[in-house]
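Taken in order, these protein sequences are the chains called A and B. Residue 229 in the UniProt record's numbering sits at position 229 of the first sequence, and the numbers go up by one each step. Residue 107 in the UniProt record's numbering sits at position 107 of the second sequence, and the numbers go up by one each step.
These are calculated hints, taken from the structure and not from any lab test. Be aware that one or more of the hints could be misleading.
[Stated by the list, open to error] Derived DEER-like restraints, expressed as beta-carbon distance ranges:
#: 1; chain 1: A; residue 1: Thr162; chain 2: B; residue 2: Trp236; range: 50 to 58 Å
#: 2; chain 1: A; residue 1: Arg186; chain 2: B; residue 2: Arg215; range: 26 to 34 Å
#: 3; chain 1: A; residue 1: Val313; chain 2: B; residue 2: Gln268; range: 26 to 34 Å
#: 4; chain 1: B; residue 1: Trp236; chain 2: A; residue 2: Leu305; range: 46 to 54 Å
#: 5; chain 1: A; residue 1: Leu305; chain 2: B; residue 2: Gly269; range: 48 to 56 Å
[What the hints assert, rightly or not] Just some of the chain A residues that point at chain B, by a computed CB distance under 7 Å:
#: 6; residue: Gly123
#: 7; residue: Val259
#: 8; residue: Phe297
#: 9; residue: Asp300
Since the structure is predicted, the reported quantities are computational estimates derived from the model, not experimental observations. Cβ coordinates follow ideal geometry from the N, Cα and C atoms, glycine included.
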Amino acid sequence: MSALTRRTTPLTSTGIVLVLLAVSLVAGFVLTAVEGRNFLSSGNISALLTGISILGFIAIGQTLVILVGSLDLSVPYVVSLVSVLAAGTMAGQDGNVLPAVALALLVAAAVGLVNGAIVAYLGVHGFIATLGTGLVISGYLATNYQGSHGSAPRSFRLVGATQVGPVPLSTLILLGCAVLVVLMLRRTRVGHHLYAVGGNREVARLSGIRTSVPVLVAHTLSSVLAALAGLLLVARLSVGSPTIGSQGDYDLMSIAAVVLGGTLLAGGKGNVVGTLAGVAIFSVLDNVMGVMGVSAFLQDVVRGLVIVVAVAVYARREIDRRPARFERPTGLDAALQEAK
Amino acid sequence: MTTSTPLLERTERAPLPEHHRSWTGRAAAALATPGGAVYVLVVALLVATVLANPNFGDPGVVIRFLGRTAPIAIAAIGQYYVIVSGEFDLSMGAVVAAQVVMAGNLIGEDESRILPVTLLMLAVGVLIGVLNGLGTTLLGVPSFIVTLGMMLALGGLVDHLTGGAATGNPADSFREIGRGGIEDVPVVDVIPYPLIILAVLGALASWSMRRPFGRSLVAAGDNPDAARVSGSSLWWLKTRAFVISSLSATVAGIILVGYAGVHPSVGQGYEFTAITAVVLGGVVLGGGRGWVLSAAAGAVALELLFVLLTALGVESTWRATVQGLIIIAAVAVAGRAWQRGRRPRRTGSSSATSSRHLTHHQPTPGTTTGDN
């Protein structure tokens, strides 16, 4: 029986993403070898993993928000806000690290809570709610901070520099967060409710779920994870910058990574493993194009194409798996349906 | 012969009145919806701005302001088509940048090239719209992702070709489209060309939304499944919406060459400003609600707000904060108002029903592509 079901549903979206990741790894290996370098050297592996971590934190949070049927466009501004707040509070003193981290996480959680409350209670679409809070924060940043701000002490910078073998400490923290989020999604009530509300908020509500809770949790965790990314940036750069988040395009790139990872943009379906694979694909792309000396601008072109093509691969599958409808399409529509 | 009886009965009955209320009653009802309230907002902002800065009361100043607002209003009109059909167009800013750079480099100082290059730019706009539309409808990729990919790809290409710096300078007569106007007009002194373009496009847009195309587009945004089973061709409807959006970005680009110059960063953030304007105009993200001219009015309201803030002496860096607060408030209010407007005659247990309706139609971003 299980063999039969396996044959009829060959690959899940996550499976495809992992295959895509494997393909990109092999392609990366080959292309890097052509350039006369070793893709699997420990230096390159650590560069790859370092590239994953920042976007990884944000994308995990974004996965939660998208799963619950919302979006978070405020992440780049949360990253910037956290970076200036944390670096400013640390001011180069070892003793200030803990208060700075606590302050950063608290502020981020508050921003996330506000986002969630606007979405859950005011009935504002997540796109607009988080675009709005993002704009509010960006106005605050632009008014109060010019140029880099504060500095991180040596002890905090070690977080960004420490490596366990070829694996940076930041990657381990990322994996820890990923495991926690996966456990939350799979094992806790709020995790299950998150999928239910994302799938269909009205049905979830009629089933007796308090629909506001998962929305609040998802948005809060998204901002907190963005804050971790911001803290990591402070550890790496040793200063805070009010524009570091918007420079990285973290809002759109994290959404792209989440969708690339097989999560439905409408919510209710997807997982964190796929998202991490999506982030890894971006990292491999950047790494390979960096080795090949592709200009930063052309890298954007390749990224854009990869996003659309990759999502197209399984967007078609999602359609195929839907139950048959009871109508006969006519004319061009029919031809188009068959073309799928 | 039995089939003719119901027809006979129908002709005997008195025809239904075309409208339930008088003209003024309907106008008042329209102003109470978010799509109408934006006009009240524009008037209120205009009064406030004139109070804060009496110079703004001069018709010539207002008309020049409207001329400056024209490109973003045109972009908002284009974005409206995509949003009302339930999609997003994030590639708008990149399209504006691409067109501006094309105009700068291909026209140069050679005036004879203006016409062919303009046609080429429009063709490129159509092509981008078709790619966005087919990617969304045929490939079944959410429009958020398709247009994000287009934004990255096109923006990267423009930056690559220009090296990220200003290049080229189109002939002055081409820049006149954005800069110039009809001189020596009584009262207002000058009518800027961009304003004339906006008026023409606004009239065209308003007309097209009353045509079968517009009606079907709104229906497709409201309920794609219902639109499809009623015989609408969703992919063709939405592809046309994307083409209109790219074309409007092209026109905005042509105007922007006039006073913003040629730089690959000209269109930066245009997509989000246009979406903000559309939403401020009472159009619901997720599709199916809203009026096209209200979207343009939303753009005017947004720019008026900035003028007002400047007149009040607020630091320009706080603009973003105010913009953020305004759009959240506008959408929160609009969401409720549209729901109330849909059920005008409902009485009793209104709190229970309205709260249910509020959670009923949560629009989902860029995924309401019907069976695609």
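Going down the list of hints, with the structure as the test:
Restraint check, Thr162 (chain A) to Trp236 (chain B): a C-beta distance of roughly 57 Å satisfies the suggested window 50 to 58 Å. A hinted range of 26 to 34 Å for the beta carbons of Arg186 (chain A) and Arg215 (chain B) is inconsistent with their spacing of about 46 Å. For the pair Val313 (chain A) and Gln268 (chain B), the beta carbons lie near 31 Å from each other, so the given range of 26 to 34 Å is met. Range check, Trp236 (chain B) to Leu305 (chain A): about 25 Å between beta-carbon atoms, so the 46 to 54 Å window is missed.
The beta-carbon spacing between Leu305 (chain A) and Gly269 (chain B), approximately 23 Å, falls outside the hinted interval of 48 to 56 Å. Proximity of Gly123 (chain A) to chain B holds as hinted, the smallest CB-CB distance being about 5 Å (cut-off 7 Å). For Val259 (chain A), the interface hint holds, since its Cβ comes within 7 Å of a Cβ in chain B; the closest pair sits about 5 Å apart. Of the supplied interface hints, the one on Phe297 (chain A) holds, with its beta-carbon coming within about 4 Å of a beta-carbon of chain B, less than 7 Å.
With a least beta-carbon distance of about 3 Å to chain B, the hint placing Asp300 (chain A) at the interface is held under the 7 Å criterion.
Consistency with the previously given hints fails for numbers 2, 4, 5, ordered from lowest to highest.
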